[in-house]
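> As you go down the protein sequences, you meet chains D and B in turn.
Residues in the first sequence are numbered from 39 upward in steps of one, following my numbering.
Residues in the second sequence are numbered from 39 upward in steps of one, following my numbering.
The hints are simulated quantities; they were obtained by calculation from the structure and are not laboratory data.
Treat the hints loosely; a few may be bogus.
Now the stretches of chain B that chain D is said to cover, found in silico as 3 or more residues with beta-carbon under 8 Å [claimed, not checked]: (1) 52-64; (2) 123-129; (3) 163-171; (4) 224-230.
Please read these numbers as outputs of a predicted model, since none were measured by experiment.
Even glycine gets a Cβ: it sits at the ideal position worked out from N, Cα and C.
Protein chains: 2
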Amino acid sequence: MTIDEPRAPRSVGVVLFDRFELLDVFGPLELFGALPDRFEILLLAENAGPVRSAQGPIVVADRSYGDTACPDVVLVPGGIGTRTLVQSRSFGAWLATWALRAELLTSICTGSGVLAAAGLLDGYRATCNKRAFHWARAQGPRVEWIARARWVHDRDRWTSAGVAAGMDMTLALIARLHSEELAAAVADRVEYDWHRDPTWDPFAAKNGLVD
Amino acid sequence: MTIDEPRAPRSVGVVLFDRFELLDVFGPLELFGALPDRFEILLLAENAGPVRSAQGPIVVADRSYGDTACPDVVLVPGGIGTRTLVQSRSFGAWLATWALRAELLTSICTGSGVLAAAGLLDGYRATCNKRAFHWARAQGPRVEWIARARWVHDRDRWTSAGVAAGMDMTLALIARLHSEELAAAVADRVEYDWHRDPTWDPFAAKNGLVD
Chain D
39 MTIDEPRAPR
49 SVGVVLFDRF
59 ELLDVFGPLE
69 LFGALPDRFE
79 ILLLAENAGP
89 VRSAQGPIVV
99 ADRSYGDTAC
109 PDVVLVPGGI
119 GTRTLVQSRS
129 FGAWLATWAL
139 RAELLTSICT
149 GSGVLAAAGL
159 LDGYRATCNK
169 RAFHWARAQG
179 PRVEWIARAR
189 WVHDRDRWTS
199 AGVAAGMDMT
209 LALIARLHSE
219 ELAAAVADRV
229 EYDWHRDPTW
239 DPFAAKNGLV
249 D
Chain B
39 MTIDEPRAPR
49 SVGVVLFDRF
59 ELLDVFGPLE
69 LFGALPDRFE
79 ILLLAENAGP
89 VRSAQGPIVV
99 ADRSYGDTAC
109 PDVVLVPGGI
119 GTRTLVQSRS
129 FGAWLATWAL
139 RAELLTSICT
149 GSGVLAAAGL
159 LDGYRATCNK
169 RAFHWARAQG
179 PRVEWIARAR
189 WVHDRDRWTS
199 AGVAAGMDMT
209 LALIARLHSE
219 ELAAAVADRV
229 EYDWHRDPTW
239 DPFAAKNGLV
249 D
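Take the sequences, apply the hints, and build the full model.
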């Protein structure tokens, strides 16, 4: 448990893109959003305005990331749109520079493939959605990819497994930045059965990544 | 297990309002959205266009519900905005008529208070978020409120407990409409640890509603 000193809320900047995965974004934001005194949510995209999710619903980005200083916490979601996003050399070059100013770089699901493609996970341990694990690995040959993990925390990088795993990672991050008790209180508030063990991962075996 | 015959996708209409709870909406939509051949998602609100969530992020409603035929599945989320919504007699009168045409009426969290206030749960068993249970009960004195329940399914009404419970209920609903195998495949796809038992509910005791 860390000492929980008063400070200004940390900014959490979500990098949205066409066909992002809904729960990758709104699972974590439900949890950060329960603590408005600690976290300030910013939705960022190439342009301010509507961004379509992989599931169809449209969300409004508050600001263009090109016009926004890097937040304290960068959150990169996954979703089928990542497959296109990693092919943009201009996006990757921008992210590689911009995101380095963050206190913490985080990703959900295939968002770790986006971080990896920008070189931001080189020399770090990381994980990804277990269905897209081989794709993620191909984005970052200098990353130490961990197959069996609900999430991986390595220094200032936090990467989660697929979709719903982002909620477990976010609670662990809240516990690390504030306290285990605060994270548990948030989980109880939203009636979420928090997996606290980062090695809990039945999905690695279900997808044939481990025995 | 029901026989899974081909048919047109069911429409799932989400009734949005100012300060709805993010995960109440996007947990279920992540799961319905994984099956676009079975479910078509519609975001509805008083007016088409932006609607602000309780946590801040803004979502775009596809259509005005006043201009939209009742969908196959009506989904009413919760959130702090329900406290204002139930005070609108015109909204309640509209919902009471419109929603009766649905095949299934569903709610997440304090959304059951909205259904109850419109008289749509009279004579039914139902549940709600455990922190707002007394508030929900006050909205529907002719409802049989169940304190210890992850969700309650009674005929054509499905009501879930708080926030994250909506995902467990949605998977149970997919299992009922299609098959248990399909619901399990969706849960695996999003790496979600599905609670299949509707009586699993540690939050009722944590909030002093049961011993």
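> Decide, hint by hint, whether the structure agrees.
Hints versus structure:
1. 52-64: holds (count 5)
2. 123-129: Answer violated; 0 residues pass the 8 Å Cβ test.
3. 163-171: The restraint on the region 163-171 of chain B holds, since 3 of its residues have a Cβ under 8 Å from chain D and three suffice.
4. 224-230: Holds, because 5 residues of the region 224-230 of chain B bring their Cβ atoms closer than 8 Å to Cβ atoms of chain D.
The structure fails to meet hint 2 from the earlier list, while all remaining hints are met.
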